[in-house]
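Visitor: Given only the sequences and the hints, what does the whole structure look like? Please build it.
For the sequence shown, the residue numbers in UniProt numbering are 1 to 178.
Hints are not guaranteed to be accurate.
[Unchecked claim] Across the chosen pairs, the derived CB separations fall in these ranges:
no.	residue 1	residue 2	range
1	28	57	20 to 28 Å
2	63	87	42 to 50 Å
3	94	12	35 to 43 Å
4	114	93	16 to 24 Å
5	114	153	39 to 47 Å
Since the hints were made in silico from the structure, they are not lab data. From the three backbone atoms N, C-alpha and C, an ideal C-beta is built for every residue, glycine too.
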Amino acid sequence: MSGTIVIGGVAIFLTVCITIGLYMARNVDGSSENYILAGRGLVLPIVAATLMAQSLDANATLGNTDLAADFGFWAGAALPVGLAACLIICGLFFAKPLNRMNLMTLPDFFRRRYGRSVEVFASVVTCLSFTILLAGNLVAGGFLFETFLGTSYITGIVILGLIHSASAYPRLQARVER
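Guide: Here is the structure:
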């Protein structure tokens, strides 16, 4: 019974997210940059909620829970508290100047400030770090699939990998068309 509820909840969540994404992709005026950056017009509560939501991944959730169980509250809270502090500092001191520069990515800043070679280096480092983050999320997600849905660990990783690939393709296309 609980497996059915989990599958139903995930299916509803994915359906809502995909529907909103497709609707917005068709109804946003202008370029793919306008779509990706939401016209640079989001209000603070929406930006804050978006940043919070992107940090609540399987990797952090399971990892922080495990750290808190093994070593106490502050071991599990260190990552979210540090992330919140970094976001507050960036918001207070860097957000406006970077927004005025009309940047789309952090490597764009490095290109303007230091040249093409530093932009390429920053892009490679960013891709490598997100690959490591994705690997951790796939592992954690595989364990979640195994625990809650009764699938094998590998099946969970494959399913999550396919979902990630399917969701990444439109974003890559938008970036290339820019």
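Visitor: For a quick check of understanding: which of the numbered hints are violated here, in increasing order?
Guide: Structure breaks hint 2 only.
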